[in-house]
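Engineer: In order, the protein sequences belong to chains A and B. Residue 268 in my numbering sits at position 255 of the first sequence, with consecutive numbering throughout. Residue 1652 in my numbering sits at position 159 of the second sequence, with consecutive numbering throughout.
For the record, the hints were derived by calculation from the structure and aren't laboratory data. Fair warning: this is a prediction, and the values are worked out from it, not measured in the lab. Every residue, glycine too, gets a C-beta built ideally from N, C-alpha and C. One thing to keep in mind: the hints can contain errors.
Claimed, not checked - In silico DSS-like pairs for lysine-lysine, Cα to Cα no more than 27 Å straight-line:
| # | chain 1 | residue 1 | chain 2 | residue 2 |
| --- | --- | --- | --- | --- |
| 1 | B | K1567 | A | K274 |
| 2 | A | K274 | B | K1561 |
| 3 | B | K1499 | B | K1567 |
| 4 | B | K1561 | B | K1499 |
| 5 | B | K1499 | A | K274 |
As the list claims (entries may be wrong) - For the chain A half of the interface with chain B, some residues (derived, Cβ under 10 Å), not all of them:
| # | residue |
| --- | --- |
| 6 | R32 |
| 7 | L113 |
| 8 | A116 |
Claimed, not checked - A short list of chain B residues far from chain A (calculated; beta carbon distances all over 10 Å):
| # | residue |
| --- | --- |
| 9 | N1529 |
| 10 | D1617 |
| 11 | S1627 |
| 12 | M1630 |
| 13 | G1707 |
| 14 | P1758 |
| 15 | L1764 |
| 16 | R1785 |
| 17 | R1786 |
| 18 | L1796 |
Take a look at the letters that make up each chain.
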Amino acid sequence: MSVAHALRWGVSDTHTMVRRYVIGLTKTPEVLFFTTVQPVLFVLLFAGVFGGSIDAPGGNYAEYLMPGVFVQTAAFAIAVTGSAVALDVRRGVVDRFRSLPMAPTAVLAGRAVADLLLTTVSLAVLSGFGLLVGWQPHAGFPQVIAAYLVLLAFAFAVTWLGVYVGLVVRAPEVASQASLFTVIPLVFLSNLYVPIDTLPGWVRPLAAWNPVSALVSTVRDLFGNSDRHIAESFPGRYPELVALISIGLLLAVFVPLSVAKFHRADR
Amino acid sequence: MIIAEKLVKTYGEVRAVDGLDLLVPQGTVFGLLGPNGAGKTTSVRMLASLCAPDSGRAVVAGIDVVRKPREVRKVMGLAGQYSAVDDNLTGRQNLDMIGRLHHLGAAAARTRAEELLRRFDLVDAADRQARGYSGGMRRRLDLAGALVGRPRVLFLDEPTTGLDPRSRQQLWDVVQDLADTGTTVLLTTQYLEEADRLAAEIAVVDGGRIIAQGSPERLKADVGGGRLEVTLREQAHLAVAIEVLGSLAGVRPRPHPELTRVDVPTDDGELLVAAVRALDAAGVRVVDIALRRPTLDDVFLALTGRAAERGAA
Ligand SMILES: Nc1ncnc2c1ncn2[C@@H]1O[C@H](COP(=O)(O)OP(=O)(O)OP(=O)(O)O)[C@@H](O)[C@H]1O
Ligand SMILES: [Mg+2]
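Chain A with its partners taken away, still in its complex shape:
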């Protein structure tokens, strides 16, 4: 089979799979509801609890917080991916797909694309909500687009981590928790809610080198929302570089791992 031929079927099969997942998402609106409402709740809670007490760079906590919650939303979408993949394995749906002459990677790629669409909707709703509570971008249109592209690239990359966890854990009941476990420490030990220099001393080096911090800084910079960089650390000086490398690494590691695991998928 020629490469062009394989590619054509790969794209066509992925399209078929995305359709399947999107129909699934529309039939379970609670997934869309909770993945969208949860970050809104986080904004309300954090802005309400910390809003007054945090000495936010730029003086506006909503402006500081929103880019972080965007990143968090992209990261937490992993829970949906992990449990959906595990459920497919458990139900034997993966066996069914693997018994078909389709492009096997299309099953996973379809999932990743569908979850990216889900995150896109969540980010759109959350952006609207952010505008209501006083957040707004201060950069030009191209930078704002770039900010969203970085967020979506991160969302896509982190989905593959969720795919892998789902394939490894196999128990749908724990897969969503297990996938969240992989991102929760990264999200909380970072500059996402508060500036690094206000964190306890032992957390600061971790937070400075945490790729999530670099990602959040990158998004803040692109939106033109104030940030306080930790200039003495490499990631503090070059957050864009660290963010892009992290996204690339996530993909380079978890796409092949997931594909290999899928070929050996077992109930």
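Use these hints to put chain B with the ligands onto chain A, whose structure you have.
Structural biologist: Chain B with the ligands in isolation, oriented as in the chain A frame:
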């Protein structure tokens, strides 16, 4: 045609399949009969290219399964042990999706879905979400999914477990039909009756090995067919019961260890009526009397001298 040569698959210490040899000629139905944990699913998954054997060779429709899984998938169909149905899609959408993944093209996929919905009596439920389907409907939808690509070789892993008698009968008819039109079918089952009904050849598996193989007639002859099972109220009546039943049947009945049950090997339904009358006349009080067909347990008892093991699964 399906060929397996010395297939082995181990999971840690467990030898799930331990040297499986099979030859299923084109257009015939082959039954793998075995209790839980015998290695039926593992065998099917290896033959259907879903998991790689540790050693051995598998050839399906002339294609080496390990070397060319993609080619094998074009000519085979699989209905796994658990109905692989997408709950969020309707029955029609499920089949349509599988048709597209077979690269039939949108129009042909739709037509094929329609055909199969009709064949499996799912037309009325076609546009309802599969989530609301009964167990039998899911099973039928899953089997329909296995047939979308018009497979030459069909693998069915316990296709009728959990089905009511009517659905089971329906499914048997479909399998018979497929075999009659040249499809090669390998099915696993825990029911001797099912293997007997459908398969030209049966292999009994236990602990990953084939412990007996042959036509249903031969296996049943080994097992000795059915039996009349009589349960007595009082142990004291045992001797009388054995004598009465023995003279009726012309063979010596077997008393059970608990000494209130007697088995008489027979396939004759009339013996039951005669036995009731004769035992009553002899003053033997009977709690239960029934004609039992041979089960997997009987096959095991006859073949191995022990009851079928219920595996870890
Ligand atoms: N993925 C796995 N990991 C570990 N052990 C496994 C795995 N799959 C099967 N086994 C073991 O291999 C043996 C055979 O299992 P298999 O599922 O093939 O049996 P089966 O005949 O299909 O049983 P059942 O009637 O319960 O479906 C069992 O002891 C089982 O525990
Ligand atoms: Mg099984």
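Engineer: With 10 Å as the threshold, tell me whether S1627 (chain B) passes as away from chain A on beta-carbon distances.
Structural biologist: holds (17 Å)
Engineer: Would you assess whether R1785 (chain B), listed as outside the interface, keeps its beta-carbon beyond 10 Å of every beta-carbon in chain A?
Structural biologist: holds (34 Å)
Engineer: Over 10 Å to the closest beta carbon of chain A is the bar; see if N1529 (chain B) clears it.
Structural biologist: Fine: 15 Å to the nearest Cβ keeps N1529 (chain B) off the interface.
Engineer: Checking a non-interface call: every C-beta of chain A should be farther than 10 Å from the C-beta of L1764 (chain B). Is that right?
Structural biologist: For L1764 (chain B), whose nearest Cβ neighbour in chain A is about 45 Å away, the distance exceeds 10 Å, so it holds.
Engineer: With d taken as the least Cβ-Cβ distance between G1707 (chain B) and chain A, does d exceed 10 Å?
Structural biologist: holds (29 Å)
Engineer: Starting from K274 (chain A), check that the Cα of K1561 (chain B) is at most 27 Å away, please.
Structural biologist: Given pair K274 (chain A), K1561 (chain B) holds - Cα atoms ~19 Å apart, limit 27 Å.
Engineer: Straight-line Cα separation of K1499 (chain B) and K1567 (chain B) no greater than 27 Å?
Structural biologist: holds (24 Å)
Engineer: Going straight from one Cα to the other, do K1499 (chain B) and K274 (chain A) come out at no more than 27 Å?
Structural biologist: holds (26 Å)
Engineer: Hey, does the A116 (chain A) contact hint survive, CB to chain B under 10 Å?
Structural biologist: Holds, about 9 Å.
Engineer: Is the interface hint satisfied for R32 (chain A)? The criterion is a beta-carbon contact with chain B at less than 10 Å.
Structural biologist: Because about 8 Å separates R32 (chain A) from the closest Cβ in chain B, which is inside the 10 Å limit, the hint holds.
Engineer: Quick one, are K1561 (chain B) and K1499 (chain B) close enough, alpha carbons at most 27 Å?
Structural biologist: Distance of about 19 Å is within 27 Å: holds.
Engineer: Is the nearest CB of chain A more than 10 Å from the CB of P1758 (chain B)?
Structural biologist: holds (41 Å)
Checked against the numbered hints above, the structure violates none of them.
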